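Please construct the entire structure, taking both the sequences and the accompanying hints into account.
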Amino acid sequence: QKEVEQDPGPLSVPEGAIVSLNCTYSNSAFQYFMWYRQYSRKGPELLMYTYSSGNKEDGRFTAQVDKSSKYISLFIRDSQPSDSATYLCAMSAGNTPLVFGKGTRLSVIA
Amino acid sequence: DAGVTQSPTHLIKTRGQHVTLRCSPISGHKSVSWYQQVLGQGPQFIFQYYEKEERGRGNFPDRFSARQFPNYSSELNVNALLLGDSALYLCASRGSGGREAFFGQGTRLTVV
Chain A
10 QKEVEQDPGP
20 LSVPEGAIVS
30 LNCTYSNSAF
40 QYFMWYRQYS
50 RKGPELLMYT
60 YSSGNKEDGR
70 FTAQVDKSSK
80 YISLFIRDSQ
90 PSDSATYLCA
100 MSAGNTPLVF
110 GKGTRLSVIA
Chain B
25 DAGVTQSPTH
35 LIKTRGQHVT
45 LRCSPISGHK
55 SVSWYQQVLG
65 QGPQFIFQYY
75 EKEERGRGNF
85 PDRFSARQFP
95 NYSSELNVNA
105 LLLGDSALYL
115 CASRGSGGRE
125 AFFGQGTRLT
135 VV
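These protein sequences, in sequence, are chains A and B.
In this text, residue positions in the first sequence follow our numbering: the first is 10, and each later residue adds one.
In this text, residue positions in the second sequence follow our numbering: the first is 25, and each later residue adds one.
Worth flagging that the hints you see were computed from the coordinates, not collected in a lab.
Per label pair, the in silico range of CB-to-CB distance: (1) A/E54 x B/I36: 22 to 30 Å; (2) B/T33 x A/P23: 32 to 40 Å; (3) B/S51 x A/S49: 23 to 31 Å; (4) B/Q65 x A/N36: 15 to 23 Å; (5) A/N104 x B/Q65: 17 to 25 Å; (6) B/T134 x A/S35: 31 to 39 Å; (7) B/V62 x A/E54: 13 to 21 Å; (8) B/R46 x A/N104: 20 to 28 Å; (9) B/T33 x A/A119: 23 to 31 Å; (10) A/G63 x B/N103: 39 to 47 Å; (11) A/I27 x B/E77: 40 to 48 Å; (12) A/R86 x B/R91: 43 to 51 Å; (13) A/S77 x B/L107: 42 to 50 Å.
Far from chain A by the CB rule (all over 12 Å, computed), these chain B residues: (14) I36; (15) T38; (16) S51.
Bear in mind the structure is a predicted one, so any value in this text is a computation, not a measurement.
For every residue, glycine included, the Cβ atom is placed at its ideal position computed from N, Cα and C.
The following block contains the structure:
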C-alpha cells in the first residue's frame with residue numbers, strides 16, 4: 010500500500026462545476042497537508058496548506074482534512090478553464106520530506 | 025520577492041555523463057529539498073538540506089549527491105547518467121518553522 014493514494018483521473022468537468030479532488034493516506038504521523046497545482050512542464054504551485062484536521066477556505070478553493078479517516082479533499086467552486094492542470098496532494102509529519110500523491114489531471118471545458 | 029529559482033531550465037545529456045543542477049531558495053529560507061518527478065507521477069524525495077547539513081535522503085543510488093552552500097543555495101549532482109534519470113528535477117525551499125514548501129520551475133533533464 011502506497012503512503013498516499015490519489016486517483017490520477019483524468020477528470021473532465023464543464024465550466025462552472027464544483028470539482029472535488031481527494032487523497033487517502035496511511036501514515037497517521039502526517040499532520041501537515043498541502044495541495045499543489047501543476048501546469049504542464051512547470052513546477053508545482055502551492056494552493057492550500059492545512060495543519061491537522063479541519064477546513065480552510067481561500068477564494069474558490071476549500072481544503073478539508075479528516076485525520077480520523079485519513080482522507081483529505083480539495084473543492085474548487087465555479088471552475089474555470091484556467092483551472093485545467095494536474096492537482097497534487099502532499100503531506101508531511103513536520104520537517105520531514107513531503108510525500109506526494111500521483112496527481113489528478115483536471116480539464117475544465119468551456 | 026523572487027521565488028525559488030532553478031538553473032538550467034532544460035538540459036540534454038548523454039548516458040554516462042555527469043550533470044549539475046542548481047537552486048536558489050526564497051530569500052531567508054534555510055531549508056532546501058530536491059525532488060524527482062517522472063512523467064505521470066508525483067515528485068519523489070531525493071535530498072533535504074538545512075543549514076548546510078544533510079537532513080534526509082530518499083531511496084536514490086549513490087550516483088546522486090547534493091550540497092548546500094553558505095548562502096543556502098544548493099546543487100544536485102548526478103553521475104553516470106542513465107536513461108531512467110530523465111525527469112523534471114524540482115527544488116523546494118521552506119522557511120524556519122514553516123511546514124509548507126515552495127517549488128521552483130524545475131529543470132527538465134533528458135538523457136539520450
